[in-house]
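For the protein sequence lines, the chains are A and B, in the order given. Count along the first sequence starting at 1, add 1176, and that's the number in the numbering used here. Count along the second sequence starting at 1, add 563, and that's the number in the numbering used here.
Keep in mind that the hints were calculated from the coordinates and are not lab data. Computed from a prediction, not measured in an experiment: that's the story for all the values here. Hints should not be assumed to be uniformly reliable.
Using 25 Å as the maximum straight-line C-alpha spacing, the simulated DSS-like pairs for lysine-lysine come out as follows [to be verified]:
{"hint": "1", "chain 1": "B", "residue 1": "LYS745", "chain 2": "A", "residue 2": "LYS1583"}
{"hint": "2", "chain 1": "A", "residue 1": "LYS1444", "chain 2": "A", "residue 2": "LYS1485"}
{"hint": "3", "chain 1": "A", "residue 1": "LYS1342", "chain 2": "A", "residue 2": "LYS1668"}
{"hint": "4", "chain 1": "A", "residue 1": "LYS1189", "chain 2": "A", "residue 2": "LYS1203"}
{"hint": "5", "chain 1": "B", "residue 1": "LYS705", "chain 2": "B", "residue 2": "LYS653"}
{"hint": "6", "chain 1": "B", "residue 1": "LYS705", "chain 2": "B", "residue 2": "LYS766"}
{"hint": "7", "chain 1": "B", "residue 1": "LYS705", "chain 2": "B", "residue 2": "LYS676"}
{"hint": "8", "chain 1": "B", "residue 1": "LYS653", "chain 2": "B", "residue 2": "LYS567"}
{"hint": "9", "chain 1": "B", "residue 1": "LYS722", "chain 2": "B", "residue 2": "LYS676"}
{"hint": "10", "chain 1": "A", "residue 1": "LYS1583", "chain 2": "B", "residue 2": "LYS747"}
{"hint": "11", "chain 1": "B", "residue 1": "LYS722", "chain 2": "B", "residue 2": "LYS766"}
{"hint": "12", "chain 1": "A", "residue 1": "LYS1629", "chain 2": "A", "residue 2": "LYS1668"}
{"hint": "13", "chain 1": "A", "residue 1": "LYS1629", "chain 2": "B", "residue 2": "LYS722"}
{"hint": "14", "chain 1": "B", "residue 1": "LYS567", "chain 2": "A", "residue 2": "LYS1629"}
{"hint": "15", "chain 1": "A", "residue 1": "LYS1629", "chain 2": "B", "residue 2": "LYS705"}
Covered stretches of chain A, as calculated for chain B (at least 3 residues, CB under 8 Å) [what the hints assert, rightly or not]:
{"hint": "16", "region": "1327–1336"}
{"hint": "17", "region": "1457–1464"}
{"hint": "18", "region": "1616–1627"}
Every residue gets a Cβ at the ideal spot worked out from N, C-alpha and C, and that includes glycine.
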Amino acid sequence: MEWFNEIYVFVAKVFQNLGIGFGEVFKLQSVTLWGYTLNNLPFNIIMCLIGVMLGTLIGVLPGIGPVATIAMLLPVTFTLSPVAALIMLAGIYYGAQYGGSTTAILVNLPGESSSVVTCLDGYQMARRGRAGPALAVAGIGSFFAGCVATLIVAMFAPPLAEVALKFGPSEYFSLMVLGLVSAVVLAHGSLIKAISMVLLGLLLGLVGTDVNSGVLRFAFGISEMADGIGFVTVAMGMFGIAEIIANLEQKEHREVFTSKVGSLWPTKEDWRRMIAPILRGTALGSALGILPGGGALLASFGAYTLEKKISKYSHEFGKGAIEGVAAPESANNAGAQTSFIPLLTLGIPSNAVMALMIGAMMIQGIAPGPQVMNERPQLFWGMIASMWVGNLMLIVLNLPLIGMWIKLLTVPYRILYPSILVFMSVGVFSISNQPFDCFLMALFGLLGYICVKLECEPAPLILGFILGPLMEENLRRAMLLSRGDPMVFLQKPISAAFIIVSVILLVIIALPALRKKREEAFAGEEAG
Amino acid sequence: MQIKNPKDFWAGLMFIGFGAAFVVIAAGTPDFINRMFGDKLIPGYQIGSAVRMGPAYFPIVLGGLLALLGVVIFLRSFVSSITGAAAAVKLPFTILDLIAAVAVFVVATFVAKMLGISNDYAMLGSALVLSVLAIVFRPETKALVLILASSLAFAYLLKPLGLAIAAIAVVFISAYGGHEFKWKEVTILAIVLVIFSVLVFVKGLTLPFPVCPDFVESCPIR
């Protein structure tokens, strides 16, 4: 009965921990706003609500994604408690997945890159007058996937953190190499350009005072650069500013297809057909989300392809098959949530949004890593519990509010982008109250714009940027401990495993046959 | 030799440039250049050994790798199978325009130093000059230059003139970079955004931004 006892303890611990989390989420606090003090306010819930609403909003609006939004709000979160800040930022990420699907279905316009595939069948369903069920399926699928993914995070994060606590500098260094390699492998377009962008990011991350020697590196005598380049500044420039410029170059054409949404309730037939795709989408999305470099985008695309291959109704795909909405929508939400696992347990971001979450933790003075779970259980479990609460809010609030979100789509871009610019400028300026940061943001905007034009993805650069100083630090320590012997990375078993997997990944992807397949996959994604 | 893939060509050059720059700044200029100038042009940082890495060690390794990959991408551009429209660089400006833009900033900084005024004016002046140049000579770059200029305007107007005027500047400059510019609409947008920013950022989040210009003695909002 040993195993039974173990399972029992494991399950009981998960519930106990979730209990801590829900306690934190529902905690009543006193908050001072505008000089008034409000007592007994469930502040964390309110921040979660604000996060998911904001997430839905930017998910609905094309031209602004979660990366730019979270970057914009990072300086603002400085005034919040760590729990409230992270709950809100997480809400933006998974809220955006819900919002993105709404516009994909109703307007054939992916508000979020992860809802590109939802357009294929969702819009066709809407054209056949079945917009209501399509939206409902997307919502139900996302909610189910969200619940499962929350449980997965709660179950797998603690054992993983336990393992990660034993990591030394060499294991960490190899893990970061693996993370960066997988981010590169999963990036769009040219492999070698993606690696170059990672290297450039790592180098830019080294700008500023060197912790070991106190030497000011690559600062050109500019005193504002002593603390390094602000991570928010880079993210806002590369994603926010560059995105606005690219959008402005295209002529604005946005046809709002305001069909009657009609009845939301799916038919009996719909229910029968959507269960299996939702389950498969959730499973695949959860798995792909954990991978470094993964997340919502990869999950939705993978789930759609899988479903198309194995579904009985594959001939209906592209003509309004309900499976084609259910699977990717469940997968992107599951992937969005499980991508928090590497962040919470290892302190390693798996995509650009997670890199920003690390930034948010650092602003709050929390060093991301496996120790967070033991040192700040309230923060750790509060964030996980908030995901479940946030998903519930999204489904309860969003379905009735669809009309409002659609109205927002009619707001022209020429109103939106000056507002975004004002908020970004305020956000960047407030980091250190120096005009220099805004100047840097403009500079990175230019760099991001040029990179996009030269087909160099900015996402790997951001990952490299956040990992640069960490990598150097761990490399130095590992080499010091091994007395300068680089073989240490291959002698320690865990570290060796990470390195070997990275090498295998790189070799596999460089093989001509597979490279072709990868290009086809991304080409298909772009065409969709 | 014919460049088959201009995107790779320029991306390669960019990475070589960045990689080399990081290596040179970290390692210092090579001896033969130092001898030419009779002095160390760029001193560089300590390299150290593999056991005790100095501040230059990691950047030199990374920068070297980056430059190497840049060379590969650069060479690939001559044999690439991707050619034609798919490989064409659709940048609205040339490398000369970029150099000219940098020159404007350098000259402005120099002039500001000569006149003994704050460098902030140099930045504002350069942004203004570049915006006018872009509108007159390179209309294709209007969106790009005006968006970048608007964030510079915000940065360097905020402290002397306050949040209200800085935000108005952002709205008008960036809106002018768009496809259509309607005075009435932009004015309303600017007013709404100023009220929103003051309420949320200054009052709500208590960011230490001045709201009114320096010279206004009694600002109604603080």
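Against the structure, the hints:
no.	hint	verdict
1	B/LYS745 x A/LYS1583	holds, 22 Å
2	A/LYS1444 x A/LYS1485	holds, 24 Å
3	A/LYS1342 x A/LYS1668	holds, 12 Å
4	A/LYS1189 x A/LYS1203	holds, 21 Å
5	B/LYS705 x B/LYS653	holds, 15 Å
6	B/LYS705 x B/LYS766	violated, 35 Å
7	B/LYS705 x B/LYS676	violated, 29 Å
8	B/LYS653 x B/LYS567	holds, 15 Å
9	B/LYS722 x B/LYS676	holds, 20 Å
10	A/LYS1583 x B/LYS747	holds, 22 Å
11	B/LYS722 x B/LYS766	holds, 17 Å
12	A/LYS1629 x A/LYS1668	violated, 42 Å
13	A/LYS1629 x B/LYS722	violated, 35 Å
14	B/LYS567 x A/LYS1629	holds, 16 Å
15	A/LYS1629 x B/LYS705	holds, 17 Å
16	1327–1336	violated (count 0)
17	1457–1464	violated (count 0)
18	1616–1627	holds (count 6)
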